[in-house]
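Chains A and B, in that order, are what the protein sequence lines are. Our numbering numbers the first residue of the first sequence as 116 and each following residue consecutively. Our numbering numbers the first residue of the second sequence as 1386 and each following residue consecutively.
Just so you know, these hints were derived from the structure itself, not from any lab. Since this is a predicted model, take the numbers as computed values, not measurements. For each residue, glycine too, the CB sits at the ideal point set by N, CA and C. Watch out, some of these pointers could steer you wrong.
What the hints assert, rightly or not - Label-pair restraints from in silico Cβ distances:
| # | chain 1 | residue 1 | chain 2 | residue 2 | range |
| --- | --- | --- | --- | --- | --- |
| 1 | A | G229 | B | E1446 | 57 to 65 Å |
| 2 | A | R157 | B | W1436 | 40 to 48 Å |
| 3 | B | Q1551 | A | G196 | 41 to 49 Å |
| 4 | B | R1444 | A | G142 | 42 to 50 Å |
| 5 | B | Q1627 | A | E158 | 41 to 49 Å |
| 6 | A | K174 | B | E1446 | 33 to 41 Å |
| 7 | A | K235 | B | D1535 | 28 to 36 Å |
| 8 | B | E1439 | A | R195 | 35 to 43 Å |
Said to hold, decoys possible - From the structure, some residues in chain B lie toward chain A, with a derived Cβ separation under 7 Å:
| # | residue |
| --- | --- |
| 9 | G1408 |
| 10 | D1409 |
| 11 | F1411 |
| 12 | Q1548 |
| 13 | Q1551 |
| 14 | N1552 |
| 15 | F1555 |
| 16 | V1556 |
| 17 | M1557 |
| 18 | C1622 |
| 19 | I1718 |
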Amino acid sequence: MRMITVAGPPSSGKTSVILKLAQLLDGQVGVVKFDCLTSFDRERYDEAGIPVFVGYSGKFCPDHFFVNNIEGAVQWGIRRGFDTLITESAGLCNRCSPHIKGILSVCVVDALSGIHTPRKIGPMLKMADVAVITKGDIVSQAEREVFAWGVRQANSKAQILFVNGITGQGAFMLAKKAAQAREITTLTDNTLRFTTPAAACAYCTGETRIGEAYQMGMMRKLEYD
Amino acid sequence: MDFDRLIEKRSIAQLMEEFPISGDFFRNANIPLTDTHKTLQEVLSTLDDEWFYEFGQNRFEVHNQLVDFLQDMTASENAQAIKSLTVIGGKNKRGEDENARFTLMPGDVVSVVGPTGSGKSRLLADIECLAQGDTPTRRHILVDGQPVTDDVRFALGGKLVAQLSQNMNFVMDLTVQEFLEMHAGSLGAGQGPLPMAGVVNACFEKANSLAGEKFTPGTKVTMLSGGQSRALMIADCAYMSQSPIVLIDEIENAGVDRRKAIDLLARREKIVLISTHDPLLALGATHRIVIKHGGIYRVLTTSPEEKSSMKELERVDAMLADARRKLRSGERIASL
Ligand SMILES: Nc1ncnc2c1ncn2[C@@H]1O[C@H](COP(=O)(O)OP(=O)(O)O)[C@@H](O)[C@H]1O
Ligand SMILES: [Mg+2]
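Pulled out of the complex, with its shape left as it was, chain A reads as follows (with noise of 0.2 Å):
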């Protein structure tokens, strides 16, 4: 199985760009997504028929949820059959980043959210594999050019794509980095690419790989199906 991270802020256009990858990608596409407390989207990935595995971190950091839960997310995926899994963090505070070593990592972020945000936003962009800017197609070409300047500030590495959530143009050069996306059986002693912040489990000491035997202190455990 394929997998791809994606992380972005509130609103960014996240579930749209995830929506317009997957009727472009080959084979079977599920959807895992981390939220905090409330998620809108189960209704928009039910529609377009994706099958998708919302999970809350409620009172736990959204990070360290994330890492705790990861690895039941792609034995999920693989039960399910998947072709490619894509994880759809959202509610992540700008210190965190859902992102793996070795793992396809996409942020998305919104032109119009101000020229200042790429520089705020912070790892989860820093650390990306391409950093996807959503609503480029309403905002002039200078400004486009200047935003994704500052994505460049942000993450001089990272591949930028301008993708219109609406009519899908430019989820289609996303779609090929996709297919590229190595494939997993398990992400068990894989790392984190950045730190997760301070709190009270294994975690919170430094520890960055993945796994049951890695897992101390505090945590919460989804109940995949």
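Assemble chain B with the ligands onto chain A, guided by the hints.
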């Protein structure tokens, strides 16, 4: 430029003087800017390990990150100069072969005409993504006569093409002057030897000469009228944007001197494609591509008769503009 040595030798203040953009790096990375007479290395040595851990930084990588950053951010954008763009037809919506092949050079202005829904925007989109037989139209776009690899398509990502469409608006809360300075700055003006004022002024003057109604450098970009914004967008594409190709999707009816605008882009050695229903724009181009059922139906060269009929069209256009102006200023329209 040997940034490695520069960063080693220069104080932070000197670096920021010569490359103002390095200030952005220091701020992005939370490097304290209290002792700017010191070198980066000296400042880093005053920070303890806890600081690096807090901000997810690595003591030994900051120097190299700054080298990379300055290299990336000051890289000449002119690498995208292209000599030609070739469109090779694919299939229309009915699956019939387009049998089309044409090549565009810098300075060429081509119009794209056809009914709504016929596929004009699709042609522009194919050019934007440098289609390689992998879009619904199966068209191939060659750059300098050569197919383009996916890696190159990613690398060029949006830099080859500047776009203008009816849906685009300014959203930044800046004056025209601040806006142009910001755009110029993002392109490297004001860094090292590149001057800032020249390009900003040229762009402002030009935008004003294209706009029906004049505006000042102190006007907020969000307060510009439709025509003024289009004029500024076009002048900006011509003078600042480094993209060699300009795609214009249906921008008629705006208070812009359209002929002048197109001439300007052509003179700036851009390849210009305009999807349009406006006869003046269509005939102002040297060629026009007619789209039907999603396919390239014909490629016509504007004939001498067509060129001369433009005079008449321009007269009608001026008459309409005059009537519009009179209505707006409360005058009566005389019988025609
Ligand atoms: N050759 C083609 N094959 C398949 N679909 C096409 C083709 N050309 C255009 N289309 C599709 O037809 C629709 C309308 O085209 P569009 O470019 O928006 O028309 P226009 O800009 O002329 O109004 C779009 O969804 C476009 O992707
Ligand atoms: Mg159109």
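Tested hints:
| no. | hint | in the structure |
| --- | --- | --- |
| 1 | A:G229 x B:E1446: 57 to 65 Å | violated (28 Å) |
| 2 | A:R157 x B:W1436: 40 to 48 Å | holds (42 Å) |
| 3 | B:Q1551 x A:G196: 41 to 49 Å | holds (45 Å) |
| 4 | B:R1444 x A:G142: 42 to 50 Å | holds (44 Å) |
| 5 | B:Q1627 x A:E158: 41 to 49 Å | holds (43 Å) |
| 6 | A:K174 x B:E1446: 33 to 41 Å | holds (35 Å) |
| 7 | A:K235 x B:D1535: 28 to 36 Å | holds (32 Å) |
| 8 | B:E1439 x A:R195: 35 to 43 Å | holds (40 Å) |
| 9 | G1408 | violated (11 Å) |
| 10 | D1409 | holds (6 Å) |
| 11 | F1411 | violated (12 Å) |
| 12 | Q1548 | holds (6 Å) |
| 13 | Q1551 | violated (10 Å) |
| 14 | N1552 | holds (5 Å) |
| 15 | F1555 | holds (5 Å) |
| 16 | V1556 | holds (5 Å) |
| 17 | M1557 | holds (6 Å) |
| 18 | C1622 | holds (6 Å) |
| 19 | I1718 | violated (35 Å) |
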